[in-house]
Structures are given as structure tokens and as C-alpha cells.
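**Student:** Please model the complete structure; the sequences and the hints are all you need to start from.
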Amino acid sequence: MSAYAGNIGRMSDDWRSDTVEKVRKLIVKAEPEAVEEAKWRKASNPDGVPTFSCDGLICTVETYKDKVKLTFAKGASLEDPSGLFNASLDAGTRRAIDIRAEDSLDEEAFIDLIQESVALNRS
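If you read the sequence shown in this note's numbering, its first letter stands for residue 265, the second for the next number, and so on.
Accuracy of the hints is not assured; some may be wrong.
[What the hints assert, rightly or not] Think about it this way: if two alpha-carbon atoms lie no more than 25 Å apart in a straight line, the pair counts; the simulated SDA-like pairs of lysine to any residue are:
1. Lys303 with Ser281
2. Lys289 with Ala307
3. Lys329 with Asn350
4. Lys333 with Pro345
5. Lys289 with Arg386
6. Lys286 with Gly356
7. Lys303 with Ser346
8. Lys293 with Arg358
9. Lys333 with Glu300
10. Lys333 with Ser317
11. Lys303 with Arg358
12. Lys289 with Asp354
13. Lys293 with Pro310
14. Lys286 with Ser346
15. Lys306 with Lys293
16. Lys306 with Ser352
17. Lys329 with Arg386
18. Lys289 with Glu301
19. Lys338 with Asp278
20. Lys293 with Asp354
21. Lys306 with Pro345
22. Lys289 with Thr324
23. Lys289 with Lys329
24. Lys331 with Glu301
25. Lys303 with Pro345
26. Lys303 with Asp282
27. Lys331 with Arg386
28. Lys331 with Ala373
29. Lys293 with Arg386
30. Lys331 with Asn350
31. Lys329 with Pro345
32. Lys331 with Ser341
33. Lys306 with Ser341
34. Lys333 with Gly312
Derived by calculation from the structure, the hints in this document are not laboratory data.
**Tutor:** This is how it looks when you write it as C-alpha cells:
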């Protein structure tokens with residue numbers, strides 16, 4: 265984990281920060297070797313985009329006014345039997361999970377998705 269790790273959840277101090285913290289813990293639980301860092305820093309987003317990697321990019325975590333978006337770099341190649349992906353479904357390579365304030369995340373299915381993503385990176 266990088267020094268940036270503790271700052272990702274502080275993007276907003278509300279349900280979104282709680283959601284980001286929960287997601288962070290689930291990613292590390294699913295893959296303890298996952299590395300968290302900020303990428304793609306620019307003037308409009310000086311903190312950069314929080315990313316999780318293990319032998320390649322797993323996913324990015326971004327907060328918006330109405331959601332937390334988890335974008336899986338190779339999501340289109342992953343099995344998603346629980347139907348967690350609900351955004352970017354027509355993208356050629358990636359898939360995303362949008363989590364809104366009233367949503368609950370199927371933690372077991374999410375952990376499976378993280379583990380599958382890492383396995384794909386390692387193949």
C-alpha cells in the first residue's frame with residue numbers, strides 16, 4: 265500500500281467515503297498483494313485516480329456526487345454470475361460497478377470478482 269492509501273476515502277466525508285473504505289478492505293481481503301496508488305494526476309484532479317493493481321490493473325475507484333464507480337480494466341473478460349457489473353456494459357474491455365447511497369454490495373461476489381481479475385492478470 266502506498267502513502268496515498270489513507271487519502272482515497274477522504275475524497276468526501278459521507279456515505280461515499282464509507283463505501284470507498286469498505287471496498288478497499290474487500291480488495292485487500294480478496295488479494296493481500298494488491299497495491300493501491302494514485303494515477304493520472306492532472307490540474308482538474310490533483311489527487312489522481314485511486315487504482316488497485318496486482319500483476320496488472322484490477323480496478324479504479326472514483327467518487328461522484330451520486331455514486332462510487334469501480335471500473336474493472338478487464339471487466340468484459342470476467343465472469344459476473346452475480347450481476348455486479350451495472351455500468352459500461354457496452355464497453356469493449358472494461359466494465360464498472362456503480363454503487364449509490366441506497367445500494368448494498370454483495371461482498372462475497374465482489375471478492376470473487378477481484379480474485380478472478382487478479383487470476384486473469386496472472387494468466
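**Student:** Against each hint, give a clear statement of whether it holds in the structure.
**Tutor:** Quick rundown of the hints versus the structure:
Proximity of Lys303 to Ser281 is assessed by CA-CA distance (about 19 Å); at most 25 Å being required, the pair is judged to hold. Among the hinted pairs, Lys289 with Ala307 is inconsistent with the structure: their alpha-carbon atoms are about 29 Å apart, more than 25 Å. Of the supplied pair hints, the one linking Lys329 and Asn350 holds, its CA atoms being roughly 17 Å apart against a limit of 25 Å. Restraint check for Lys333 and Pro345: the C-alpha separation of about 19 Å stays at or below 25 Å, so the hint holds.
Between the alpha carbons of Lys289 and Arg386 the distance comes to roughly 22 Å, so the proposed pair stays at or under 25 Å and holds. Of the pairs offered as hints, the one joining Lys286 and Gly356 is violated, with about 28 Å between alpha carbons and a cut-off of 25 Å exceeded. With a CA separation close to 29 Å, the supplied pair Lys303 and Ser346 exceeds the 25 Å bound. For the given pair, Lys293 sits about 22 Å from Arg358 by alpha-carbon distance, which is consistent with the 25 Å threshold.
A C-alpha spacing of about 16 Å is found between Lys333 and Glu300, which places the hinted pair at or below 25 Å, so the restraint holds. A distance of roughly 16 Å separates the Cα atoms of Lys333 and Ser317; the hinted pair therefore holds under the 25 Å criterion. This hinted pair checks out: Lys303 and Arg358 have alpha carbons roughly 17 Å apart, not beyond 25 Å. Of the pairs offered as hints, the one joining Lys289 and Asp354 is violated, with about 29 Å between alpha carbons and a cut-off of 25 Å exceeded.
A distance of roughly 28 Å separates the Cα atoms of Lys293 and Pro310; the hinted pair therefore is violated under the 25 Å criterion. Using a Cα cut-off of 25 Å, the hinted pair Lys286 and Ser346 holds, with the two alpha carbons roughly 19 Å apart. Distance restraint check for Lys306 and Lys293: the Cα-Cα separation of roughly 30 Å exceeds the 25 Å cut-off, and the hinted pair is therefore not satisfied. Of the pairs offered as hints, the one joining Lys306 and Ser352 holds, with about 23 Å between alpha carbons and a cut-off of 25 Å not exceeded.
Proposed proximity of Lys329 and Arg386 is contradicted: the alpha carbons are some 34 Å apart, above 25 Å. Only pairs whose Cα atoms come within 25 Å are accepted, and Lys289 paired with Glu301 is accepted, the gap being roughly 15 Å. Only pairs whose Cα atoms come within 25 Å are accepted, and Lys338 paired with Asp278 is rejected, the gap being roughly 29 Å. The suggested pairing of Lys293 with Asp354 is violated, with an alpha-carbon distance near 29 Å, which exceeds 25 Å.
Restraint check: the Cα-Cα separation between Lys306 and Pro345 comes to about 36 Å, which exceeds 25 Å; the hinted pair is violated. Pair hint Lys289 plus Thr324 holds up; C-alpha atoms about 14 Å apart against a cutoff of 25 Å. Of the pairs offered as hints, the one joining Lys289 and Lys329 holds, with about 22 Å between alpha carbons and a cut-off of 25 Å not exceeded. For the suggested pair Lys331 and Glu301, the alpha carbons sit about 21 Å apart, so the restraint of at most 25 Å is met.
Proximity of Lys303 to Pro345 is assessed by CA-CA distance (about 30 Å); at most 25 Å being required, the pair is judged violated. Proposed proximity of Lys303 and Asp282 is supported: the alpha carbons are some 21 Å apart, at most 25 Å. With a CA separation close to 30 Å, the supplied pair Lys331 and Arg386 exceeds the 25 Å bound. For the proposed pair Lys331 and Ala373, the alpha carbon gap of about 19 Å is at most 25 Å, so the pair holds.
Distance hint between Lys293 and Arg386 is fulfilled; the C-alpha atoms sit about 18 Å from each other, no more than 25 Å. Proximity of Lys331 to Asn350 is assessed by CA-CA distance (about 12 Å); at most 25 Å being required, the pair is judged to hold. A hinted pair counts as satisfied when its Cα atoms are at most 25 Å apart, and Lys329 with Pro345 does not qualify at roughly 28 Å. For the hint linking Lys331 to Ser341, the alpha-carbon distance of about 24 Å falls within 25 Å, and the restraint holds.
A hinted pair counts as satisfied when its Cα atoms are at most 25 Å apart, and Lys306 with Ser341 does not qualify at roughly 29 Å. A distance of roughly 14 Å separates the Cα atoms of Lys333 and Gly312; the hinted pair therefore holds under the 25 Å criterion.
Violation of the numbered hints given earlier is confined to hints 2, 6, 7, 12, 13, 15, 17, 19, 20, 21, 25, 27, 31, 33; the remaining hints are satisfied by the structure.
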